Amino acid sequence: MNPNTRRTLEFVLDNLVWFMLLFVLLVFSLFVPNYFQPGIFANIIEASSVLGVMSIGLALVIIAGHMDLSVESVAALSAMAVGIVFCSAGIGMGVQLSPDWLGVPVSLIIALAVGSAIGAFNGLLIVKLKMNAFIVTLASYIWVRGVVLALSGGRSAQDLAPAIRWFGVQRLLGLPLTAWIAILCFVVFSLIMAKSRFGRHLIIIGGNQNAAFRAGIKVDRILITSFVLAGAIAALAGWLLAIRTSGATANLGMGLLFNAFAAVVIGGVSLKGGVGALPGVYAGVLLLSAINTAINLMGLPATSTQVIHGLLVLAAVLLDTLKLSIRQKLA
Amino acid sequence: MTRFEPLLVLDDIKKNYGAIEALKGISFTIGKGEVVALLGDNGAGKSTLVKIIAGGLEPSGGRMLFEGREFLARSPSEAKAAGIETVYQDLSLATNVDVVANFFMGRELTRRVLGMPVLDEKAMEAVVAKALASAGTRIPSLRTKVEHLSGGQRQAIELNRFVHWGGKLVLLDEPFAALGVEQTRRGLEMIRAVANQGIGVVIITHIMQQAFQVADRIVVIRQGVVAGDVATKDTSPDAVVNMITGETLAAAGAAG
Ligand SMILES: Nc1ncnc2c1ncn2[C@@H]1O[C@H](COP(=O)(O)OP(=O)(O)OP(=O)(O)O)[C@@H](O)[C@H]1O
Ligand SMILES: [Mg+2]
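Chains A and U, in that order, give the protein sequences.
The first sequence begins at 1 in our numbering and counts up one residue at a time.
The second sequence begins at 1001 in our numbering and counts up one residue at a time.
Simulated from the structure, these hints should not be mistaken for laboratory data.
Computed from a predicted structure; not experimentally measured.
It is possible that some hints are incorrect.
Straight line, CA to CA, 30 Å or less: simulated DSS-like cross-link-like pairs of lysine-lysine [claimed, not checked]:
no., chain 1, residue 1, chain 2, residue 2
1, U, Lys-1130, A, Lys-218
2, A, Lys-130, A, Lys-329
3, U, Lys-1233, U, Lys-1024
4, U, Lys-1130, U, Lys-1168
5, U, Lys-1032, U, Lys-1233
6, A, Lys-218, A, Lys-130
7, U, Lys-1014, U, Lys-1024
8, A, Lys-323, A, Lys-272
9, A, Lys-195, U, Lys-1130
10, U, Lys-1122, A, Lys-128
11, U, Lys-1233, A, Lys-329
12, A, Lys-323, U, Lys-1145
13, A, Lys-329, A, Lys-272
14, U, Lys-1168, U, Lys-1233
15, U, Lys-1145, U, Lys-1122
16, U, Lys-1032, U, Lys-1014
17, A, Lys-323, A, Lys-195
18, A, Lys-329, A, Lys-218
19, U, Lys-1145, U, Lys-1130
20, A, Lys-195, A, Lys-272
21, A, Lys-272, U, Lys-1145
22, A, Lys-128, A, Lys-195
23, U, Lys-1122, A, Lys-195
24, A, Lys-272, A, Lys-218
25, U, Lys-1122, U, Lys-1032
26, U, Lys-1130, U, Lys-1032
27, A, Lys-195, A, Lys-218
28, U, Lys-1122, U, Lys-1168
29, U, Lys-1233, A, Lys-218
30, U, Lys-1168, U, Lys-1014
31, U, Lys-1032, A, Lys-272
32, U, Lys-1233, A, Lys-128
33, A, Lys-218, U, Lys-1145
34, A, Lys-323, U, Lys-1122
35, U, Lys-1024, U, Lys-1130
36, U, Lys-1145, A, Lys-195
37, U, Lys-1014, A, Lys-130
Computed from the model, here is a short list of chain A residues facing chain U with C-beta under 7 Å [to be verified]:
no., residue
38, Thr-5
39, Ile-40
40, Arg-197
Backbone N, C-alpha and C define an ideal beta-carbon position, used for all residues, glycine too.
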């Protein structure tokens, strides 16, 4: 095969999810009534901000060859912590800071501290005690949600402080600031993965941990950092979630994990580690969101969303296998 | 042995894997600028010894002197920092990234953009291109992922990597196993060139001819002990084979 055809093919394979996204948007625009309007596209982006942010952290650990099932519960706990402190109704304590805007950094710090602490806990168990990542983070998925339930007593916090809510209300170019935060996260972490030594090392570790270790890369430190990052990023997702819902309920964010998973896999991140890039993950998130929007517009029951998402994940994994065999033929 | 200033002294190095005594007390010396061929049958303990020197395995006993000072690398990065480069028997390449990323693994060059360190891909690619060209290694594109390269090309990358980074001591565990005739010849030349810069080289091989071609000294390990340690010019392939198989230990001893 000549190098040019090969390069084109590799380019298509590497960016397959973007082509899928374009295709889906085109099909929906043509066949779903009222789909083609700027408002709908803004909606798709807006609706995907929480999921998008969460997917970044998950993608990082999967690229490093590990797994983090706890991101959903971590987001919920961070949201609940923020809700309890800064909500004025329900179980909220309605803490008032002066000036008002101090609530923003303080609530962020609370959320990020919760997330990083759980991430560090996961990372230490997995890296230092060599426990299985799947089991450790599954346990965290369960116990962290348990803490949310216990903290809230099953009740909810409502009416988040307006200064924090502002991020969900204020719009820039038609999108709320929360959506811009998600986009910014994707840009920043995409750059980190593609351009920094940390990102390069994370990918190498995902590809061949032993080689990375022999090459003198501080494998343990980088892996623990990736878990801390996943926790912190999940917490940021939780903060955005609290803003979106103006509070927190005990079962906040349930099911997000599987959507994040779907987005990551659809986005081209291989579960065996070492393969994938964040722009693709963002496309995966947008793809899911585009499909959800179509389902809503068509008035299909929300239950069918789940079936479609499930099938999408299967399709994504199938695609992953297919891409692998095409690549092997290319080699 | 007297010709070279000692670089690394191994003193009674032992290693147990559970009940298996892989190394039962290995002692010999590697000089600066000296090429030592480490020979021995499968399972003799050669790779184990290399991993201990390279910081990948902890010895169960014994000590090492590196440049006259007590030395023990607790991790490969410590060994690297001390100037010890290693090419492992099972290659250490990340096949999911390209040639340049592998060449610079753990030592990536960066440049500052807005005060932040950013990978300097151009500079790295230029260095790799130069290193591979001067070694006569042809690889279609430096941006190809290593998974698309042949076994020989992969080994060539590893070899060029150590030549480029140099250091003080180089450990090569069967570096030519996947190389063709021409590449092997170049590899042996590279080893000589490296040694002539005053770098100590330990090369493990099963091919007697290679050992005699490149080594100043031959050390034979049999069942975890040193069964022979002789200057290449004072011995013959037949004598070395006997040391390896242990048939006439006395004769081998006499040769040394
Ligand atoms: N990780 C391990 N666990 C248990 N035993 C091991 C391990 N690695 C090596 N051994 C044993 O230690 C002994 C020495 O192995 P080593 O790999 O050092 O041999 P070698 O001389 O390099 O052989 P070869 O020429 O086949 O590469 C062998 O008996 C081997 O079975
Ligand atoms: Mg070996």
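Here is how each hint holds up against the structure:
1. Lys-1130/U with Lys-218/A: 28 Å, holds
2. Lys-130/A with Lys-329/A: The given pair, whose Cα atoms are some 36 Å apart, is violated under the 30 Å limit.
3. Lys-1233/U with Lys-1024/U: Cα-Cα ~28 Å, so holds.
4. Lys-1130/U with Lys-1168/U: 22 Å, holds
5. Lys-1032/U with Lys-1233/U: 18 Å, holds
6. Lys-218/A with Lys-130/A: 16 Å, holds
7. Lys-1014/U with Lys-1024/U: Holds, at roughly 5 Å.
8. Lys-323/A with Lys-272/A: Roughly 14 Å separates the two Cα atoms, so the pair holds.
9. Lys-195/A with Lys-1130/U: The given pair, whose Cα atoms are some 23 Å apart, holds under the 30 Å limit.
10. Lys-1122/U with Lys-128/A: Given pair Lys-1122/U, Lys-128/A is violated - Cα atoms ~36 Å apart, limit 30 Å.
11. Lys-1233/U with Lys-329/A: 50 Å, violated
12. Lys-323/A with Lys-1145/U: Holds. Lys-323/A to Lys-1145/U sits at ~15 Å (cutoff 30 Å).
13. Lys-329/A with Lys-272/A: 19 Å, holds
14. Lys-1168/U with Lys-1233/U: Roughly 24 Å between the alpha carbons, so the hint for Lys-1168/U and Lys-1233/U holds.
15. Lys-1145/U with Lys-1122/U: 17 Å, holds
16. Lys-1032/U with Lys-1014/U: Measuring from Cα to Cα gives roughly 24 Å; hence the hint holds.
17. Lys-323/A with Lys-195/A: 25 Å, holds
18. Lys-329/A with Lys-218/A: At roughly 34 Å apart (the allowed maximum being 30 Å), Lys-218/A and Lys-329/A break the hint.
19. Lys-1145/U with Lys-1130/U: Given that 30 Å is the threshold and the Cα spacing comes to 19 Å, the pair holds.
20. Lys-195/A with Lys-272/A: 22 Å, holds
21. Lys-272/A with Lys-1145/U: Between Lys-272/A and Lys-1145/U the Cα gap is close to 16 Å, so the pair holds against 30 Å.
22. Lys-128/A with Lys-195/A: The hint holds at about 28 Å.
23. Lys-1122/U with Lys-195/A: This hinted pair holds, its Cα atoms lying about 12 Å apart.
24. Lys-272/A with Lys-218/A: It holds: about 21 Å lies between the C-alpha atoms, which stays within 30 Å.
25. Lys-1122/U with Lys-1032/U: This hinted pair is violated, its Cα atoms lying about 35 Å apart.
26. Lys-1130/U with Lys-1032/U: Holds, because 27 Å separates the two Cα atoms, which is no more than 30 Å.
27. Lys-195/A with Lys-218/A: 18 Å, holds
28. Lys-1122/U with Lys-1168/U: Holds - the C-alpha atoms of Lys-1168/U and Lys-1122/U are around 28 Å apart, at most 30 Å.
29. Lys-1233/U with Lys-218/A: 43 Å, violated
30. Lys-1168/U with Lys-1014/U: 24 Å, holds
31. Lys-1032/U with Lys-272/A: 43 Å, violated
32. Lys-1233/U with Lys-128/A: 50 Å, violated
33. Lys-218/A with Lys-1145/U: Cα-Cα ~23 Å, so holds.
34. Lys-323/A with Lys-1122/U: 29 Å, holds
35. Lys-1024/U with Lys-1130/U: Distance ~44 Å between Lys-1024/U and Lys-1130/U Cα, so the pair is violated.
36. Lys-1145/U with Lys-195/A: At roughly 17 Å apart (the allowed maximum being 30 Å), Lys-195/A and Lys-1145/U satisfy the hint.
37. Lys-1014/U with Lys-130/A: Holds. Lys-1014/U to Lys-130/A sits at ~26 Å (cutoff 30 Å).
38. Thr-5: 14 Å, violated
39. Ile-40: 36 Å, violated
40. Arg-197: 5 Å, holds
The structure is inconsistent with the numbered hints 2, 10, 11, 18, 25, 29, 31, 32, 35, 38, 39, although it conforms to all the rest.
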